[in-house]
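Student: Generate coordinates for the entire structure from the input sequences, incorporating the hints supplied.
From first to last, the protein sequence lines stand for chains A, B and C. The numbering of the first sequence is the numbering used here, which starts it at 1 and goes up by one. The numbering of the second sequence is the numbering used here, which starts it at 1 and goes up by one. The numbering of the third sequence is the numbering used here, which starts it at 1 and goes up by one.
Honestly, the hints are just simulated from the structure, not real lab data. Ideal Cβ positions, reconstructed from N, Cα and C, are used throughout, including at glycine. Careful: at least some of the hints might be erroneous.
Stated by the list, open to error - Only some residues are given here: those of chain A computed to face chain C with a beta carbon under 10 Å:
id : residue
1  : F57
2  : A58
3  : F62
4  : A65
5  : M69
6  : S130
7  : T132
8  : G141
9  : P143
As the list claims (entries may be wrong) - The list that follows gives simulated cross-link-like pairs (lysine to aspartate or glutamate, DMTMM-like), each with its CA atoms no further than 25 Å apart:
id : chain 1 : residue 1 : chain 2 : residue 2
10 : B       : K60       : C       : D400
11 : B       : K200      : B       : E214
12 : B       : K200      : B       : D211
13 : A       : K172      : B       : E34
14 : C       : K408      : B       : E59
15 : A       : K172      : C       : D400
16 : C       : K184      : A       : E142
17 : B       : K55       : C       : D400
18 : B       : K317      : B       : E80
19 : C       : K408      : B       : E225
20 : C       : K48       : B       : E163
21 : A       : K172      : B       : D161
22 : C       : K48       : B       : E212
23 : B       : K228      : C       : D400
24 : B       : K112      : B       : E80
25 : C       : K48       : B       : D161
26 : C       : K408      : A       : E142
27 : A       : K172      : B       : E214
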Amino acid sequence: MAPVATPWFFYVLAGLAVASGVAVITRRNAVHSALALIVTLLSVAGLYLMLYAPFVFAVQLFVYAGGIMLLFLFVIMLVNIERSSKERRFNRMWPAGLVAACALMALFISAFVKGRTLFPDRMILLPESSNTQQIAGLLYGEPGRIGQYTFAFEIASLLLLVAILGAVIMTKKKI
Amino acid sequence: MSSHTNDTTNDVSSRALSNLDLETPAKPYLDSNELIINMGPQHPATHGVLRVILKLDGEKVLGTECVIGYLHRGVEKIAENRTYAMFNPYIDRMDYVAAVSNGLGYCEAVEKLLNVEAPRRAKYIRVILTELNRIASHQLWLGTHALDIGAMTPLFYTFRDREEILKIFEKYCGARLTTHAFRIGGCQYETYAGFEKEVKHFLTYVAPKIDEYEALLTTNRIWLERTKNVGMISAADAIALGVTGPVLRASGVQWDLRKAQPYAAYSEFDFEIPTGENGDTYDRYLVRMAEMRQSLRIIEQAVNRIPEGPIMAKVPKVIKPPVGEIYHSIEAPKGELGYFIVSDGSTQPYRVRVRPPSFVNLQALDRMVRGLLVADVIAVIGTIDIVLGEVDR
Amino acid sequence: MPSFIMSYLGSTVTPGEAGNQFWALMYVLIIFAGVSVAVMAMNWLERKALAHFQIRLGPMRVGPHGLLQPIADAIKLMLKEDIIPANADQFVFWVAPLIGLLAAFTVYTVIPFGPSQAVSDMNIGILFMLGVSSLGVLGIVVAGWASNSHYPLIGALRSGAQMVSYEVAMGLAVVSAILMTSLKTGTGTLSMIGIVQSQQQQSVWFIFKFFPLGFIAFGIFAIAMIAETNRAPFDMAEAESELTAGYHTEYSGLRWSLFMLAEYATMIAVSSIAVTLWLGGWMRPFPNLLHAPMWDFIFSLFPGLTFLCLATIAFIGTARMPAHSFFRIQRIGLAVFAALLGFLALLLLVIAVAGRSADASLAARFNEGIGYVYWFVLKVAVFMYLFIWYRATWPRYRFDQLMRIGWKVMLPISLGVLVVTAIVGVLVS
Numbered sequence: 001m002a003p004v005a006t007p008w009f010f011y012v013l014a015g016l017a018v019a020s021g022v023a024v025i026t027r028r029n030a031v032h033s034a035l036a037l038i039v040t041l042l043s044v045a046g047l048y049l050m051l052y053a054p055f056v057f058a059v060q061l062f063v064y065a066g067g068i069m070l071l072f073l074f075v076i077m078l079v080n081i082e083r084s085s086k087e088r089r090f091n092r093m094w095p096a097g098l099v100a101a102c103a104l105m106a107l108f109i110s111a112f113v114k115g116r117t118l119f120p121d122r123m124i125l126l127p128e129s130s131n132t133q134q135i136a137g138l139l140y141g142e143p144g145r146i147g148q149y150t151f152a153f154e155i156a157s158l159l160l161l162v163a164i165l166g167a168v169i170m171t172k173k174k175i
Numbered sequence: 001m002s003s004h005t006n007d008t009t010n011d012v013s014s015r016a017l018s019n020l021d022l023e024t025p026a027k028p029y030l031d032s033n034e035l036i037i038n039m040g041p042q043h044p045a046t047h048g049v050l051r052v053i054l055k056l057d058g059e060k061v062l063g064t065e066c067v068i069g070y071l072h073r074g075v076e077k078i079a080e081n082r083t084y085a086m087f088n089p090y091i092d093r094m095d096y097v098a099a100v101s102n103g104l105g106y107c108e109a110v111e112k113l114l115n116v117e118a119p120r121r122a123k124y125i126r127v128i129l130t131e132l133n134r135i136a137s138h139q140l141w142l143g144t145h146a147l148d149i150g151a152m153t154p155l156f157y158t159f160r161d162r163e164e165i166l167k168i169f170e171k172y173c174g175a176r177l178t179t180h181a182f183r184i185g186g187c188q189y190e191t192y193a194g195f196e197k198e199v200k201h202f203l204t205y206v207a208p209k210i211d212e213y214e215a216l217l218t219t220n221r222i223w224l225e226r227t228k229n230v231g232m233i234s235a236a237d238a239i240a241l242g243v244t245g246p247v248l249r250a251s252g253v254q255w256d257l258r259k260a261q262p263y264a265a266y267s268e269f270d271f272e273i274p275t276g277e278n279g280d281t282y283d284r285y286l287v288r289m290a291e292m293r294q295s296l297r298i299i300e301q302a303v304n305r306i307p308e309g310p311i312m313a314k315v316p317k318v319i320k321p322p323v324g325e326i327y328h329s330i331e332a333p334k335g336e337l338g339y340f341i342v343s344d345g346s347t348q349p350y351r352v353r354v355r356p357p358s359f360v361n362l363q364a365l366d367r368m369v370r371g372l373l374v375a376d377v378i379a380v381i382g383t384i385d386i387v388l389g390e391v392d393r
Numbered sequence: 001m002p003s004f005i006m007s008y009l010g011s012t013v014t015p016g017e018a019g020n021q022f023w024a025l026m027y028v029l030i031i032f033a034g035v036s037v038a039v040m041a042m043n044w045l046e047r048k049a050l051a052h053f054q055i056r057l058g059p060m061r062v063g064p065h066g067l068l069q070p071i072a073d074a075i076k077l078m079l080k081e082d083i084i085p086a087n088a089d090q091f092v093f094w095v096a097p098l099i100g101l102l103a104a105f106t107v108y109t110v111i112p113f114g115p116s117q118a119v120s121d122m123n124i125g126i127l128f129m130l131g132v133s134s135l136g137v138l139g140i141v142v143a144g145w146a147s148n149s150h151y152p153l154i155g156a157l158r159s160g161a162q163m164v165s166y167e168v169a170m171g172l173a174v175v176s177a178i179l180m181t182s183l184k185t186g187t188g189t190l191s192m193i194g195i196v197q198s199q200q201q202q203s204v205w206f207i208f209k210f211f212p213l214g215f216i217a218f219g220i221f222a223i224a225m226i227a228e229t230n231r232a233p234f235d236m237a238e239a240e241s242e243l244t245a246g247y248h249t250e251y252s253g254l255r256w257s258l259f260m261l262a263e264y265a266t267m268i269a270v271s272s273i274a275v276t277l278w279l280g281g282w283m284r285p286f287p288n289l290l291h292a293p294m295w296d297f298i299f300s301l302f303p304g305l306t307f308l309c310l311a312t313i314a315f316i317g318t319a320r321m322p323a324h325s326f327f328r329i330q331r332i333g334l335a336v337f338a339a340l341l342g343f344l345a346l347l348l349l350v351i352a353v354a355g356r357s358a359d360a361s362l363a364a365r366f367n368e369g370i371g372y373v374y375w376f377v378l379k380v381a382v383f384m385y386l387f388i389w390y391r392a393t394w395p396r397y398r399f400d401q402l403m404r405i406g407w408k409v410m411l412p413i414s415l416g417v418l419v420v421t422a423i424v425g426v427l428v429s
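Tutor: Here's what the structure looks like:
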């Protein structure tokens, strides 16, 4: 299907992502920050969709916005952090923070300028319908062959299992 | 999130909370997981105005304290200022669900004081009405208990079937709930025309309905998970706490006053005493369902051979029992209902002390719910089958 | 402009595929209106069916047999005072029901009522549905927090934990259904329309595929979707007789009705997933086995006959109403309703007869489209009735038992079914 109004959607989604990102760090209330982070994640998911990666879009929704942010909210709501909303907004270390932010920005700009040849000229138009199959091919492999990232995928899932076990052990009073 | 009840202004409360070991805590601080919450007195699931203070560790119950008295009407004090016959209607208002049993206990107690015995026909009528009331009380218990656990449909089925019993009561004595059915010395009203027929029709009508209730609940996995091993009380604990009625029988103790100390005409009928094994909520449920069936048996035997004869013994117009005291107890649907009457020779009793079964059974609540979750507390309150009118009087 | 509209009418793909924004918008509006009507009908049905289970009548006064009761409820809720608890977070309190509502309604973008009757056939359709319905949990959790009272907060966190737990089992059950789509062609598909079409190609509803594997997966999903929507027997977090009062306690009036709307819409959405994945979606019974035009004709009479039965029931209800002046308006109302149903029945029967031949005439295409939508809605309606039946019959699980079932029973079973289905699928092909 031919894309419709692409620049418009891009500017809206990107602007929303930036604006809610700023809201994440400027809100006093932690739950407001979490909700703004959800909006950021949703806009990023929209950007994925615009890059013809619908599988990543759906997984971002499912895992990030629907799972991880939910856990963030659980923690924020269960832990009494009203104290933080009464703290000073800008603490005394703000010059160091400003210097670090400028250094980071300089790094980004130099990477973009020097490394312009690394980025392709125009977007690689992979057909949208094969996004899922291609990811599956990378992770699980074509029939008869092992995939490029199968080992890393399995190791990552093992790592997640270890994290779950650690969380359970740390929180249960007795096993 | 933890909250301490600020009830230090109320003297009763501070004494009442002593059961929760708040005076000398083991630790100098309240553990971050422990909290004290208050259930009631207005709560959809406490069967009346009962206030239960729970001390929780997270979700587990560490201790409970029941605050009662919200329905106290001073019935026993009123008795000292009424004649024996005038006090009869007050009795029904105690356990308003099983009013007929209340009346039976009181009338028999005063008859014992007077040393008269109701005629046989009156005894049969008393047995029939009391057993009908037992079925009605158990049906109401089943409906509300199931509703607390979340099954909303048995309530309507049991209330529909209870209507038939209440219709019989209404035709007999004019009232559905607080019946004032019996008088000292016998019954006042003769059975109305068609009484036997209607009672027999009721027996055939309700037996399949009890099967319906069982079909909904007895083998239902959710019901089993909510009631099995919940609220267990051992036989020794039950006897030590003075628990009686289906709660005691579900713990395995074969004790029913209708067999142990027969009154009215119970010695002439053939019935069984159902008992349970574990003393959990499920066993109490099974015991009450079986009791309903046994009551049907008793009514069937009784209604087929009501003897002819007078329905009222020779009792003087002005009841002045000789000086003395008597304790008489019967097996009400909820347990042993006892009346301790002290007479000083005048027309008004010197003291009437009622031993309500719900009051004593409620004290077992603390023993039953230790270690359970909050949601189980509601199930256990329902399974003890309390009526606050009886607990508070 | 008219050509832009007309060009889609003969197409066999969804408006999303065809790139036709006008018709996509029209479909969205139709679905929006349809779901709203369905939610109101569901509200009425729940009260009536629950009442009949409990040997009482339910609403009878507002409109004939209580048919206008949902409208009366909606008006009452709109007129109620809008109470916001003190110290509650105003913005979050306002936005919480909207999150749930948005999640519930966005899911309908990919639900296929027919092979081309969907707003858009995303090629990750089922994944999109699961992802968006997981956003609904956020609405509930945030609503409980915004009430600024710790009982609703506990209730909301419990509801959230319950929904997340059962999403895992739900997802695995869905995966084992999607596994089956790849059995005939070698490549599976995540698109909803593709799943139903693969059931058509394999000539079997996935619930009966590799019996009992498909059935067990369907059973897992059916149980998980009840827990997802916080319905009985998994409604401990919002039950009235429990201590934790539920996430919507502090909401009154229209805001509360938005929660109920979101809940019913989610129920219909997850039922649609179950129907699409296991019960053959829009397909009529035995489309491959009984393929003759005569059978097509017989099955295409079903919509008209259903409405005829409903009209007959309404007429009988009218006849049985007491002939008293108090009931005059109700009698007239029910008679009009019966006449409306009868008219619809007549219309559908005429379309069925006119579209009997298999050509591409307007009547034939209408007939086909109506048939698809009818069978889909019928299957979803069965699920809706089951939801009410469960609520009337069963007690509710305690919260820890609920979580135990979700993690210790449903998750291993769904994993096992997935593995066994994969093994059987590889062995068969």
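Student: K48 (chain C) and E212 (chain B) were given as a pair; does the straight-line alpha-carbon distance stay at or below 25 Å?
Tutor: Between K48 (chain C) and E212 (chain B) the Cα gap is close to 22 Å, so the pair holds against 25 Å.
Student: Is the shortest C-beta separation between G141 (chain A) and chain C less than 10 Å?
Tutor: 15 Å, violated
Student: K200 (chain B) and D211 (chain B) were given as a pair; does the straight-line alpha-carbon distance stay at or below 25 Å?
Tutor: 18 Å, holds
Student: Closer than 10 Å between Cβ atoms is the bar; does M69 (chain A) clear it against chain C? Give me holds or violated.
Tutor: Holds. Min distance 7 Å.
Student: Taking 25 Å as the top limit, are the C-alpha atoms of K408 (chain C) and E59 (chain B) close enough?
Tutor: Judged against 25 Å, a Cα distance of about 20 Å means the pair holds.
Student: Using Cβ atoms only, decide whether S130 (chain A) comes closer than 10 Å to chain C, and label the hint accordingly.
Tutor: Status holds, d = 9 Å.
Student: Given the hint that K112 (chain B) pairs with E80 (chain B), does the C-alpha gap stay at or below 25 Å?
Tutor: 19 Å, holds
Student: So if I understand the rule, the pair passes when the alpha-carbon distance is 25 Å or less; does K60 (chain B) with D400 (chain C) pass?
Tutor: 11 Å, holds
Student: For the pair supplied as a hint, K184 (chain C) and E142 (chain A), confirm whether the alpha-carbon distance does not exceed 25 Å.
Tutor: 18 Å, holds
Student: Given the hint that K317 (chain B) pairs with E80 (chain B), test it: the Cα-Cα distance must not exceed 25 Å.
Tutor: 19 Å, holds
Student: Does A65 (chain A) pass the interface hint, meaning its C-beta sits closer than 10 Å to a C-beta of chain C?
Tutor: 6 Å, holds
Student: Holds or violated: K48 (chain C) with E163 (chain B), Cα cutoff 25 Å?
Tutor: 23 Å, holds
Against the hints set out earlier in the document, violations occur for numbers 8, 21, 26 and 27.
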